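K.L.:
Each chain is listed here by its residues.
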Amino acid sequence: MSPLELLSAAFLLAGAAFCLAGTVGVLRFPDVYCRLHALTKVDNLGLGLVVAGLALQSASWATALKLFLVWLFVLISSAFTCQLIARAALRRGAVPSGGRREP
Amino acid sequence: MTDVLLDGCLALCLPLLAWLVLRTESLSQAVVLFVAFGLLSALGWARLDAPDIALVEAAVGTGLTGALLMHTLSWTEETPPDVRARARRRPWALLATAALTLLLGWAVLALPADSPGLGPEVEARREDSGVKHPVTAVLLNFRGYDTLLEIAVLLVAALGARAVNPRSERASSDAAKDPLTGELFRMMTPALLLVAGYLVWVGDHGPGGAFQAGAILAGGGVVAILTSRMGTPRMSSLRVRWALLTGPLLFIGVGVAPLLSGRRLLELPEKLAGTLIFIVEMALTVTIAMVLLMFFPGTRPSRAGRGGER
Chain P
5 MSPLELLSAA FLLAGAAFCL AGTVGVLRFP DVYCRLHALT KVDNLGLGLV
55 VAGLALQSAS WATALKLFLV WLFVLISSAF TCQLIARAAL RRGAVPSGGR
105 REP
Chain A
300 MTDVLLDGCL ALCLPLLAWL VLRTESLSQA VVLFVAFGLL SALGWARLDA
350 PDIALVEAAV GTGLTGALLM HTLSWTEETP PDVRARARRR PWALLATAAL
400 TLLLGWAVLA LPADSPGLGP EVEARREDSG VKHPVTAVLL NFRGYDTLLE
450 IAVLLVAALG ARAVNPRSER ASSDAAKDPL TGELFRMMTP ALLLVAGYLV
500 WVGDHGPGGA FQAGAILAGG GVVAILTSRM GTPRMSSLRV RWALLTGPLL
550 FIGVGVAPLL SGRRLLELPE KLAGTLIFIV EMALTVTIAM VLLMFFPGTR
600 PSRAGRGGER
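Protein chains in written order, with my numbering: chain P, 5 to 107; chain A, 300 to 609.
Isolated chain P, as found in the complex:
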């Protein structure tokens, strides 16, 4: 196994671990805001690591660039949808766990 493949495998495994942690977070966290945190932050990092791992194995620079573009667009859309969902939840009166909602 070449060092490049080892590095790629390490990235992929770390990405998978982050995805797993994010999924557990979505299932286990108490309220919608915490779950959003788990979903967006951790999934972005997970996807980023997976993309980095795959880019190391890709045959050409063009493929690697395309992979990073996928990550970039997921980053953009998840950052915005996270804020939009959180705002919608706040407007509908979802109370943060352990907190109080301002009247």
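In case anyone wonders, no lab produced these hints; they're calculated from the structure. Just so it is clear, the structure is predicted and the values come from calculations on it, not from any experiment. All residues carry an ideal CB built from backbone N, CA and C; glycine is no exception. Please note that a few of the clues may not be correct.
Unchecked claim - Computed cross-link-like contacts, SDA-like style, restricted to lysine to any residue with a CA-CA straight-line distance of at most 20 Å:
#1 Lys45/P - Gly97/P
#2 Lys70/P - Lys570/A
#3 Lys570/A - Glu426/A
#4 Lys70/P - Ala357/A
#5 Lys70/P - Gly505/A
#6 Lys70/P - Glu426/A
To be verified - Some chain P residues flagged as far from chain A (calculated, every beta-carbon gap over 12 Å):
#7 Leu24
#8 Asp35
#9 Tyr37
#10 Asn48
On the provided structure of chain P, position chain A as indicated by the hints.
P.N.:
The following block gives chain A in isolation, referenced to the frame of chain P:
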């Protein structure tokens, strides 16, 4: 090995998701599950070596349909239908669907196992079509008649959608000032336009074409409508009518022109076929995007307004 794992996962998850969509208690959950189902079935099409269908499924079946369903949710009350009680009340419907499933299954199994289909014939004449991608060659040249009629069906569907739901309000102006959606729109629009243009261009020699590009343009339009940067397209606007008609009119023109020089309907001259197909696809992209946007009913009216109308 990994292929088998992936295919096995898809084969397990798709029926499970379909079952969950039917079973779930809440409407919003059903919509989310349906979108997930669409994404996975797009993956399934990609695994079946049908990237053209996978693209359409992802763009229309999941993206636009998902947006439409979500939007419809905001118009309705969250009152889930009692699926099981309804099924008990109508056993004949269950029987009919079961019979249809059996019939379709039998039809699939009755197909010859190793038939090459029409693939070799398309491949043999692909040189004459003017494009390099066999799917585009079939859609725009060999079976151009079908595509032309399909566009006519789409136009009628758009008219029907507008007849059922003629209202097209403009959203309140405070939604337009929202920095979040505004920034999203500014960042995504150039990328959407680029992707749509690329898909039309790539249809010549790879998976892509007017339907995929039109669906992606329409997706951008939906975001524009939802963030109030654009009103819902109105049938009364002359520009909307032209956008709806450019594709079919150009296609009919290209199809009828060979008649004047003694050829048959839609028989494109071999030397010009590539250029003509590209022009028609450009026009069809505009039309398809507009037709898909016509299905989108616009922003939700206020509750007071809705109550007053009833």
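K.L.:
Taking the hints in turn, state whether each one holds.
P.N.:
So, going through the hints one by one against the coordinates:
For the suggested pair Lys45/P and Gly97/P, the alpha carbons sit about 23 Å apart, so the restraint of at most 20 Å is broken. Pair hint Lys70/P plus Lys570/A does not hold up; C-alpha atoms about 35 Å apart against a cutoff of 20 Å. Straight-line distance between C-alpha atoms of Lys570/A and Glu426/A comes to about 11 Å, which keeps the hinted pair within the 20 Å bound. A threshold of 20 Å between alpha carbons decides the hint, and for Lys70/P with Ala357/A the separation of about 18 Å falls inside it, so the pair holds.
Using a Cα cut-off of 20 Å, the hinted pair Lys70/P and Gly505/A holds, with the two alpha carbons roughly 17 Å apart. The suggested pairing of Lys70/P with Glu426/A is violated, with an alpha-carbon distance near 31 Å, which exceeds 20 Å. Here Leu24/P stays apart from chain A, with its beta-carbon at least about 16 Å from theirs, past the 12 Å limit. Against chain A, the non-interface label of Asp35/P holds: every CB pair exceeds 12 Å, the least being about 17 Å.
Every Cβ of chain A is farther than 12 Å from the Cβ of Tyr37/P; the closest lies at roughly 16 Å, confirming the non-interface assignment. With 12 Å as the threshold on Cβ separation, the claim that Asn48/P sits away from chain A holds: the shortest Cβ distance comes to roughly 16 Å.
Hint compliance for this structure: hints 1, 2, 6 are not met, and every other hint is.
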